[in-house]
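Join the two chains into one complex using the hints; note that each chain is given alone, in its own frame.
Quick mapping for you: the protein sequence lines, in order, are chains R and P. Numbering of the first sequence is given in our numbering, commencing with residue 2 and proceeding in unit increments. Numbering of the second sequence is given in our numbering, commencing with residue 31 and proceeding in unit increments.
Simulated from the structure, these hints should not be mistaken for laboratory data. Some hints here could point you the wrong way.
[Said to hold, decoys possible] Partial pick of chain R residues on the chain P-facing surface, computed with a CB cut under 10 Å:
id: 1; residue: 24
id: 2; residue: 44
id: 3; residue: 47
id: 4; residue: 48
id: 5; residue: 62
id: 6; residue: 63
id: 7; residue: 71
id: 8; residue: 80
id: 9; residue: 81
[What the hints assert, rightly or not] One-sided excerpt, in silico: chain P residues whose CB lies under 8 Å from chain R:
id: 10; residue: 109
id: 11; residue: 117
id: 12; residue: 237
Where is the CB? At the ideal position from N, CA and C, for every residue including glycine.
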Amino acid sequence: MSNDARTEHDPFVALQDSPEFADLRSRFRRFVFPMTGLFLAWYFLYVLLSVYASDFMSTKVFGNINVGLLLGLGQFVSTFVITILYVRWADREFDPRAAALATTIGDDHR
Amino acid sequence: MNSAYGVVAIVLICTVTLAIGAFGLRLSRTTSDFYVAGRTVTPYRNASAIGGEYLSAASFLGIAGLVYTNGLDMLWFPVGYTVGYVVLLVLVAAPLRRSGAYTLPDFAEARLESTVIRKLSSVLVVAIGWLYLLPQLQGAGLALRTVTGAPTWVGGLVVAVVVVANVAAGGMRSITMVQAVQYWIKLTAIAVPAFVLLGAWLGDGAPSPAIARDTAWAEPLNGLAGQGHPVYATYSLLLALALGTMGLPHVLVRFYTNPDGKAARRTTLTVVALLGAFYLFPPLYGILGRVYIPELPLGTAADTLVLQLPGAMVHSQLGEVLSAVLAGGAFAAFLSTASGLTMSVAGVIDQDLLRRRLGRMTGDDFTVAQGFRLATVLSVIVPYAASRLIEPVGLATMVSLAFAVAASTFCPLLVLGSWWRGLSTVGAAAGLVVGGSLAAAAVAITIFAGPIPGWTGALLGQPAAWTIPISFATAVVVSLATPGRIPRHTARTMVRLHTPEDLALDRG
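Excised from the complex, chain P in its bound form (with noise of 0.2 Å):
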């Protein structure tokens, strides 16, 4: 493959995302405008900046592989994706908008009126945040070498280095723009791409997939993936996508950005509609990578199919322009979604973990935004390190066990917090504590201990299905039994959070 047109491609898609950051670094003035853009980004930019930050390497690359090697279940990743935004609109993000914080341990403090759930949180946040951003690091890696034969470790370094400049410099009015901008990046880049091909697919007759030898492959819930019991991996992986979304740190910050209640739904409809966009083409390069190439060159990962099919296909320059093009959009999808990510992980580290540490070790001799400078580049450092050290999963796979953490820790929280009065603050620190142990556990079994067979090897690699129920179960039961330790104005709170925003009361 020529690699010179892959290099411009994604020196282009670095340059121009450090020029928009830096354009918006003008205009970043107040604490407001670093963290929530100043509540004043428009539905249709907002929703852009969502599209363009939630589709990550799991959508531009691991979602074609996935569909290559595992068959059409694996429709099911975009899907619940797109699902659990709609989750997240009905069920928390109202309250959530109402109660005013700009994180989820700023929430979980306001609600629950106690430090500790806070600090929890804050681990939570940090711990799902950094188990995203490892997929996001390996991805660019792979995609780096793909295209230009580069060792993995470059491919990372260059995501990490962009995201750094530009988080540490801007803040989220930057990163909004940038990400809006590179939410049509992503969905040309994929596009176009993709209506060449298919051209190219009906020049040659239409040809059916190579599967007469491996009829598995068409056939729904085959159990391809390497899980013994596929009903069961599809129901758990849907619930997981589709509580998961609310819990996840960089997707909720969003929400946050918009100027009123109405706004924001406009926003979600419109991120829909984007998502749908976008989830057409992944499974279509997967179907016809099943047909011009029957199997991979051996060494060369699944995520790595929609950067090799233009060469099967087009045996000639427009091949490898297309394959550039597919190359930049990628590292578009990375630099949006590990901006979004390092964001929330460098604020939280930021205000909960580092700032009265350093103030401390320096005697106050730091300024706020030196402080959260020190917290992005940490944020981003862990993954990197994490990266080298653990073999890749699969990028989907990797960012679906993120978000069965975030399903079994903050869905129960923020459900149980916004609908009902009866959480008491032991009960939601058991919750927390429970279902994050329970659900890191089997991730980490998952990483480190590679495919077990049976029902074990099914259970801890889609936990969501069981530690979902148990995180809510031990929430409830905990806060029945500790009546007493219900915070006290959880009355007063709970009208906040279910009262629209133009009642005249006193929010402070």
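Same shape as in the complex, but just chain R (with noise of 0.2 Å):
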């Protein structure tokens, strides 16, 4: 078991309380927290379009297809769409600076 006094020299609390990590976290957290409450709220709008705004979603595009089943088709289309967002921020964002911190960290501790 781990005492207080060990506590005060352990690495992940001193990884925790570095400035690099909090930047790493926040950043984390100011894309995906928005993000997701947008992507939510984007699916909820639609339910509310549909009952609320019924003459709009049903006005005919082309032949048969109106504004509401191409919106429809929209939310498979923008589940996605977020999914690479998010896969291309971590790739280019998130992994690269971890990845720093990695190397710094680490060779601290080995």
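This is the structure we're talking about:
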């Protein structure tokens, strides 16, 4: 079992308190939480539109295809787009920073 | 209907499933192999396996039936099923992988350092798993009866036996292979007949759905689903699906079978594409059903619409062959979902509920594999017995109740557990107990009491919208009131959960 005396020198706690780690986490939160809120809002908006804007939703775009149907299919497409955005962001922004942090801390601790 | 084709298709699917399972068996050697397939599954195959496992009876048969009876709002089911994956990916997938746990109870214990929480999570995993297995077995009974006229107990039994044989023998690695193959079987089985039927529909001059006498069907949120408050019901359902996916035991374990975080993200992207592709088809069957079968024959469930449609549209051997193909696909759906669920439920029963007791009873005179096999049998027998006793309430409805329970229990545990340092042991337990019992009570009333009118019925039929916030609030408030019960290694655990894998810290 660890004790309080040891905890003071715990590399994990040191890492937790380091500005680099805080930066990494806040970057993640700043990207992920708003995005989650935004895409849930978009799904919920669709339900509202179907109920309260049924004229708009039943506007014919071409043939028997109306706005509602297109937006409905758009739900699947947007799910996919959101996932792509996240994967790209993680590959481009998050992983390199995490790897950089890994090298600094890893050297201290090995 | 000529039952010979259907029997051939179903026997074929069961044989293929067993054969691939047996092949995988030879590859499965270590514990890690057994539970997480050695964490070496490639993203593409893993995604196929996830898709294969996720597309259950509810997806293959249930959605078409719902669209047929209730109208286009029911498209929310497939959208919600897919969205759940994205929420899981961005919020909890990475921290969970890094925790190094194999199962939900493992994670709960590692994060909250409490065996009580572990026990609670184990009970919940088993409960959710059984709730989800129930419609798979009922669906199998319905499908086999539709295709061959066999009594409903036969279909469920066939699925139960095949699943027990596969899971008990091969564990996760063989299941992964079985499920990856089954995704493609399912997609083919639903897509090919759909194109043939669309061709037939165009050949008939593309008639419109027979909605003249039932205009409500074409209206959005018409309340045909028997719920008095369709906007509430739709929102609640969407919440349950979006937040419940992360709490489904068989879904989560898949994220551990990826070699690293990057692969886990690739996997999810592929999964979303695969699910999206599949979900284009079930609604098509629902709409074509409206055109060609204005009223279902008395005594047949809407869940069997997919299987009946070819016979109603193409009056020849072709129709029978198409029905058989769909029945085979449906069985692939029951088998793969039931295998994944059984794997998770059996793992938990074995580790947390059975092993010590068995050890005491036999004086440790049993092997690990024997214990797991016994757990496998147990985890299938109980839902099978229940499926004989409980009247089917609709495959997709049943599955959505399992989602609601998962969303009201594991969602708060996972989200708060991986993002909030203030979560205390007592708070987490209170959240699980309160959310779990409220959701379970609502489910029990919905299943046993039948349709209830008005707000009461709506709130009980789709409990997620109130049980999730209550569960979150309970966990937060109780945690704030018991700061002394915050696990002592929280800081350490949090770093571990949020530090990318390649960081060279001791994870032991």
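key: Hints violated by the structure (numbers, ascending)   = 1, 5, 6, 7, 12
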